[in-house]
Amino acid sequence: MAGVLDGVRVLEVATWIAMPAAGMLMADMGADVVKVESLTGDTWRGSRTPRYGMAASPLGGNLTFEVDNRSKRSIAINLDHQEGRAVVQRLAAHADVLTTNLVQQRRQRYGLTYDELAATNPRLIYAAFTGYGQLGPDRDRLGFDYTAFWSRSGALSGLGEPGQPPVAPHGTIGDHLSAPLLLAGILGALYEREKSGRGQLVQSSLLQAGLWANVAGMQRALVTGEDQQPISRLAPGNPLLNSYCAADGRWFFFVMNGPADWPKVANAAGHPEWLDDPRFATPDARAEHKVDLVGLLDVAFAEHDRDEWSRRFDEHGVIWGPVQRSSEAAADPQVRANGYVAAVPHPTLGSYESVAVPLQYSRSDVGPKGPAPAVGQHTRAVLAEAGYSAAEVEGLLQAGAVGAL
Amino acid sequence: MTSPLDGIRVLEVASWIAVPAAGALMADLGATVIKVESGIGDAWRAASRRAVSSFPGNPGFQLDNRGKQGIAINLDRADGQAVVRRLVQSVDVFTTNLVPGRRLRYGLAYEALAATNPRLVYLAFSGYGDDGPDRDRLSFDFTAFWARSGMLDIMAEPDAPPPMPPGSMGDHATAPLLLAAIMTALFERERSGLGQQVQTSLLNSALWALGSDLQQMLVGGPVPKATPRLQTNPMRNSYRAGDGRWFMLMAPAERDWPRVCAALERPELEHDPRFAAFADRTRNGPQLIAEMDATFAVRPRREWGERLDAQGVVWGPVEALPGVPDDPQVQANGYLTQNTHPAVGAYLTLNTPMRFSRSEAGPRGPAPEVGQHTEEVLLAAGYTWDDITALRDSGAIGV
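Quick note, the sequences are listed as chains X and F, same order.
Here the first sequence stands for residues 1 to 405, where the numbers follow the numbering used here.
Here the second sequence stands for residues 406 to 804, where the numbers follow the numbering used here.
Because the hints were derived from the structure by calculation, they are not lab data.
Check each hint, because a few of them may be wrong.
Facing chain F, from chain X, some residues (calculated, C-beta under 8 Å) [stated by the list, open to error]:
(1) Leu63
(2) Thr64
(3) Gly136
(4) Ser157
(5) Pro165
(6) Leu177
(7) Glu194
(8) Leu207
(9) Thr224
(10) Pro236
(11) Leu241
(12) Tyr340
(13) Val341
Every residue, glycine too, gets a C-beta built ideally from N, C-alpha and C.
Could you build the full structure based on these sequences and the hints that come with them?
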C-alpha cells in the first residue's frame, strides 16, 4: 500500500515535542521527513527524566524522543554558522513543507522567516508553531505544554478538586494533543496548494491549542464571564456523571446524561427503591441533593468489585468506563484488536512496540518506517540529494557548518 | 481570500461533540457542512448544562455546529436512510460517530456508500474503535478518552480519586485529529482519484496523547503513575506565590538550576550539596520543594514572573478562565473572534485554532436549527417538492 503523504518532502527545524511529533505523523504516513538538528542534537534527546528509567531501557536514551522522531532522517546543521544557515535555505528551496518551533526572533536571526524562504520557493508550506503565537508581547517567550497549553490557557483551571494545588498534567500530553492540529493545518495548506499552486504560512501555538481543547469552558466564560471551577467528585453538578470506586479499590466513570438514565443507574446499583425517592426524581432534584446521592452511590458501589459492576452496568445499558492504569490500557484487548500499538523496526533489537499513528486508512499504508535517527546520520545522503558535491560537503564539515555521524 | 476547503461538501451523521467539532472546523475552513439530525435534534443541543440567562440553548452546541446547514432525517425509517444514501452521492466527505453496528443497521457502512461514490472520504469515529469486543459500546470522552486510556490514572494523586476532567476537553482535543484524518485522505485523493475510509476513536486519540508514557512502558519500563506534588521533579512543578496564585515552573535543563536559584534570590541553594547535581535534586526533591515553596510564598506572582523572566526561566501562570479573554497575547493573536447568533446577535467565540497567511479560516455563521435547511439541501440534491412533501408526510424527514 502507498502512504497518504508519499512523495511529500518535509524539512523540520524543530526541537522538543509538539512539532517533531507532527513530523513523525507525516513520516509514518509516507512523507520524507528530514530533521535538522544542531551538531549536538535536539535537546530532547538528552533530557533527563530519570523517573522513566531510561538507562534501564533496551533502547537507551530518551524513549519519548524515539516516539516523536521515528521514521525520519537527521541532518546536523549549525544554525549559528552562516554556511549552515545557507544549507537550510537551500534545502528549503526543494521542500514541500518546512516546520519550525523557533520563535520569530530566532527565525529572523537565522534568516529562516517565511518571507525569506517563500521568495525562492513560493510553493513552500511553512508551519510555524510556538508557545504563545506569532504576535503579542510574548511572541518570543519560550513555552512548554505545562506553561502554555495547560496553565496559561486556563485548561488546568478546570481539572482537579476545588481548593487544591493544580493537577500535574503529566508530561507531553499537551504537546501530543497539539500535533494533530499541526498536521491538520499543514494538510489544509497542502490541499489548498493543489488548487492554487501556491504555498503559505500556517501558524498556531501551544496557547491556542490549549484554548481549543478547553473550548467548552472558554465558550461559557466568553458568554457569561463565569469562572470555570474544578468540580469536586463529592458534589458534582450531575451525580450520574462522576467517578466511583468499587470494593477492590478500582475506579470507574459513568456518564449518564439522558432523561431516562436514572432508572438504569439505580437498577444497576441494586437500589430500585431510589426511584421512589423524590430527592432524586429529576435532574434538577438530583443536582440539588447531589451530596446525598453521591454518598449513597459511594456506599452502594463499595459492595462489589469492579468486574461485577462492569457486568451489571452493561446489563442495564449504563455508559461507563474503567479508570485504567497505563499497563491495563496497553494490555486492553480493545487496544490490541484495533492495532493502536504498533511494532517499530529497530536495527539491533529487531523491533519494539510503540504507539501507532492514531488513524487507520482503508486504502493507504500508515505506520512506523524505522527508529529515530542518530544526530547527523543522514547528513551526507541529504546533502548529496540536494546537489551538493562531495567536496562541498567536506568543506561544510570542516567549517563546522554541518555535522555527520 | 479563499479558504482551504472551498467547494468541499461534507455530510455529517454525528451527534454530541468530537465529530461535530471537526465539522465546525471544516466549515471554518470553507467547506459546506450538512448536519443530519433526527427530528428531535442532536442530544447535545439540550444536554443538561447550567442555563445561561444571556444565551439561549447550549453555547457549546453553537460552537460545535457553527456555520453548518441542518437537515432532519429519521434514520429508523428505510426511506430516511435512502435520503442519506442519495445525499452521499454528491458529497466529498462523510463523517459519523455511529458505532459500527448502527452504521450497518442503517445501511450507512463505508462499503455501502463507497459502492456508489468511490471518491468518498469516510470518517468512521467511535469510542473504542471499529474492531474488538467493545466496538459497539457507547461512550463519552470521560469514559473512553480519560478513563479507559489510562490518562486519569496518571493524573490522580496516589490513593486519591481520579480528578474530574473538564467537560468535553477530550472531545475537543480529538477534533483536530479528525480534521487531519480527513485532510490527509482528501490530499491523497488528489493523486489517486479514490476516496477511502479513515478510522479512529476516542480511545485511540487518548493513547496518542499518552505516547510518551506508554512508550516507556511498552519497552519494559516502569508503569507511569502520578507523582505527588511534593515528590515530583522540583524543576517541573506547580508553585504558589504569596498572593495565592499558582504558576507552573518548567526548568528541566541543567543550565536552568543556577538561573532558578538566582530568580529565587537564594544563591546558597545552588551549591548546597543536597541540590548540587540533577541526581541530588531528584533524590532530595521534597526538601527542595519545601525550600522553594517557602521562598515563592513571600512575593506575589507578578514579581516572581519578572524575576524568572529576567533569568530566562520558562514559567506560565495557571490562569482562571475569566482572565483568558483579557490576556493581551490571546487578543494579539486573534484567538477569539465574533460569531453571530439569531437571538443574541454577535458574541465572542473561539477562532479556528490555526491561521493561514493566504487562506481564510473562521466562523461562518450560527449553528442551524433542527432541519433548518432540509428543503434547501434536498432541492439541491434533485428532489422535487412532491418528493419532499411525501417524505415529510411519511415521517422520513423533518422540515
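Can you give the numbers of the hints that this structure goes against, from lowest to highest?
-> Per hint list: zero violations.
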